[in-house]
Amino acid sequence: MSGTGNLRKAKLYSSRQIRTQVNDSSFSSEGGKLLIPQFLQSRQFEIESLERAQLQSKYSGAARCFQTLPRTLRRRVASHNVKRIPKRLRNRAIREMSEGTVSAMKKQWKSPRIRNLRGKQRYRLLMTKKLLLIQTRMKYMRSFPKNYRLTSNTQKRLLRHIWKGLNRELRLQRQEKAKDPHNRLNNRVGAYDNYGRGGELAERPTGNIKYWKRQRDYVWLTSHMWHVKRFHMLKIHGWQIPLLPTQKCFKSMNRAKKQDCVIFDTSYLNHMVVRTRTSSSTSSIFNDFVVPLAKITQEEAVRSSGVYEGLVYYRRGNSPYMLTTLVLIYWNGDTAIVRTYPSAYEELFAHVVAEYANCVEIDDCRYAIGSLELRGPKALELLTKNLSVSEESELLQLWNSMAKFPDTYPTGSCLSIKMSDPRIKKRKTSGVNSIASLSFIDLLKMLISHRPTTTLTDHAERYASYEEMKSIKEVQKQNAATPANVPILLIKLQSSSWTLLMPWYWILPTWHVLVKSPKAKPGGQKQIRQFNFEAGIKSYPIDFPFTPDGWHWQQTQKTIKALVYSKLPKSKRINFDQYEGPLDPHGSDWEFLRRLHYELKELKQQNKLPLDTGSDFAKFNYERDITTNEETVQQVISRNITLVHDLVVVIKSGMAMKKSFPARSICLQDPKSTTTNEEDESTKIPILPVKSIGLKLGTGLLKDNARIYRWCADPSDHNKMIVELIGFISSGGMNLDLGKLLGIGCVVGDADLTGGKVLVRNIGQTIFHEATVKEL
Amino acid sequence: MPRNTQVIQHIRHKSSKLTLTFLDRECTFLLKGTSNYVMAIKRVSKMIDRVKKKYPRVSYIKVKAMGRAIPTAMCIALHFKSDRKVDILTGTVLVVDELHKSNDVIVQERKQSSVEVLIYV
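Going down the list, the sequences are from chains A and B. Taking this note's numbering, the leading residue of the first sequence gets 1, the next gets one more, and so forth. Taking this note's numbering, the leading residue of the second sequence gets 1, the next gets one more, and so forth.
Source of the hints: derived by calculation from the structure; they are not laboratory data. It is possible that part of the hints are untrue.
[What the hints assert, rightly or not] Pairs of lysine to aspartate or glutamate residues, derived as EDC-like cross-links and limited to a Cα-Cα distance of at most 20 Å, are as follows: (1) A:K445 x B:D97; (2) B:K32 x A:D407; (3) B:K52 x A:E48; (4) A:K601 x A:E724; (5) B:K14 x A:D260; (6) A:K526 x A:D737; (7) B:K52 x A:D737; (8) B:K101 x A:E300; (9) B:K42 x A:E51; (10) A:K445 x B:E109; (11) B:K54 x A:E51.
[Unchecked claim] Between beta-carbon pairs, the in silico distance windows are: (12) A:S471 x B:Y55: 42 to 48 Å; (13) B:K14 x A:A350: 42 to 48 Å; (14) A:G739 x B:K111: 33 to 39 Å.
Even for Gly, the Cβ is constructed at its ideal location relative to N, Cα and C.
Bound-form chain A, shown alone:
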């Protein structure tokens, strides 16, 4: 052992030696002159040997081949399992293992023996075995999946209950099989079109019986098992969403977005399909549904060419508050697809059913249509190379030539086409080069003239696409071509960003194929936010605090931060009172800004502005000045405001007295919205209209929830600056594309931004940074 150690040490020492030119011939003995060419040559040799030595010493410590691998290629237990090492290094790994002390372990998995178990464990194992047997039989008989959701009473006898239910169903199906052959699935893999017909919500998919309990509250995506091994997941709004990869990827994702392609499974975004009831010439889906819902004009419709992505406003029943949410509407002919976020989906669905059910039919396709998102210049190349479309299609040439011009198509371009099983491919076409090339203008003309009527909205088509769908084993055994009957819809939503819609159970096979490509890098929700931020685009719901979802997000973040702060030891807590004054230090204090805005407006009418800071402000003290006593609060609120201090005390006392706050303190200043006249019923103070802005900072630091102030030449008087507050940053940080600090946020609607400059201050700091601003 000691011998090996010495050898290793010797190797390390020798690698650290840097060779130098000992006999330097550049100093000539004649006349003491320096010979420049020789001198330069010597220094060049020394610099090169220094660089070489750095590299050598880096890898000299590595005793095993996997230690030199980059982080993305390292795997768990690679030290004794050669299959975890890339093939090119396997022979070396085997040699190292045989030479060294580490021996290859052969771990054999042993199933738990039933005879060794007793009681509850034994019962559960037996029952699970029975369940799996029945499930296999049901799968073989191609029966529809059973919904295992049970009431709390039956949960105690859960397994037995399910077993009984499944058995009963099996018996029934045996009897009915002869009667109605259509009451069965058309494939063996359990794919079915789970949709809610005629204004009813679809049943939540339960997944495989083995894992049904884990999916009771949060629905799994079809690619869940793939993601859960590689991603941090987020349980939110009834879905389990991939949040971000477990490996560090902030910079590499930025590079992949700029050079290759990043793909996302966005099937957690919910779709509903809307169809006109009558086929008369006067009624169309655009006039009957899209215009009243999204309030878009004919001009906007032409410009958007059949795709609208933006906010919609609606009111539920007699609620005083307007609801706002971000939607994507695609319409063509007599059908439309509406896509929205899972948090807002059910309310929007109920609204659409209540308002439009008389003229349109509404299907809930949350679990029937899935979507993938591809961002980056190689997105089209990735799709056209890996997905094979129907060869009879007239669009085949368009499909094959599209990737030649990666980011030149207008936003809103759509393509509806049918593809075959992506896992089965005879040979890989090289996409761009294989087809006689079309010029860009021909392609564009073809794309514009082709108004896609997608069959994705049709239940029968989606059902037919699953006809004899193969399992992975079957694909491997028999690689015969399948008919191209899977309807897909491709939409370009932003620059270099394509959204691919397809039937729900085709997402996973497509995902597996796409993700294998070295050009594709899978990303999560955080990467979508990162890319939006880098492009200066708002992300839903974070940068939409005026919507219910955005407001809820901000309040939750505030609560979390306050909780984390309260757990810190006193020595580690920042003294926020000193820096933040009356503002909530854990987030954006929109309620304070709303009251401040209207108080200042009133003072302006009374000609009391500008207010003086006064000497007393320096001794500002919450506990002393702000009252929560109901008797004294009226006195405080009605006091004569002469100082900034008075103003703050009046506002904070009003806020402290108020038990319940309005649903949201802000709304969007938008001509389409009618929310600007809303007011908080208890205080009669109107809700504050705001607008979205983008900020760019030259130097300094920018973080989330930074405060935005009106620009003034001398912001040194920190106390007085509170009256200059106009908004908050919702996401701020370094933009890797620009190499600059960027912020996205909201300011009050009537803030004057003509100068293009504002001041920004981060939470817990006193320094004001100058920033250029523009409306988004």
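On the provided structure of chain A, position chain B as indicated by the hints.
Chain B in isolation, oriented as in the chain A frame:
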């Protein structure tokens, strides 16, 4: 296009540059009309150094420009001409205009002059 038609929106499409390979990306500098001359000089110099070090087989880098950016490209060529071999290739690029009218979309081609400066490393 007839004069009296009202255009709601005019989309100027980017030039149809082919998908660049990794090496192309490393050895091509795309110049915009708004690009700063000094910035471009600095970045091209850095690119030359990098290419020389990393890709010994590559003999030149390309600076591509079209329309308004051509004078800047010429200035860059002149700057590097003093100590390097520089070639200048002129050409024409087809660009596409998409004109949205009230109920119609017209797609038409336009020719745009372009220049490629090859700076030998």
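A quick look at each hint next to the structure:
no.: 1; hint: A:K445 x B:D97; verdict: holds, 11 Å
no.: 2; hint: B:K32 x A:D407; verdict: holds, 17 Å
no.: 3; hint: B:K52 x A:E48; verdict: holds, 15 Å
no.: 4; hint: A:K601 x A:E724; verdict: holds, 13 Å
no.: 5; hint: B:K14 x A:D260; verdict: holds, 19 Å
no.: 6; hint: A:K526 x A:D737; verdict: holds, 16 Å
no.: 7; hint: B:K52 x A:D737; verdict: violated, 26 Å
no.: 8; hint: B:K101 x A:E300; verdict: holds, 11 Å
no.: 9; hint: B:K42 x A:E51; verdict: violated, 25 Å
no.: 10; hint: A:K445 x B:E109; verdict: holds, 11 Å
no.: 11; hint: B:K54 x A:E51; verdict: holds, 14 Å
no.: 12; hint: A:S471 x B:Y55: 42 to 48 Å; verdict: holds, 46 Å
no.: 13; hint: B:K14 x A:A350: 42 to 48 Å; verdict: holds, 43 Å
no.: 14; hint: A:G739 x B:K111: 33 to 39 Å; verdict: holds, 35 Å
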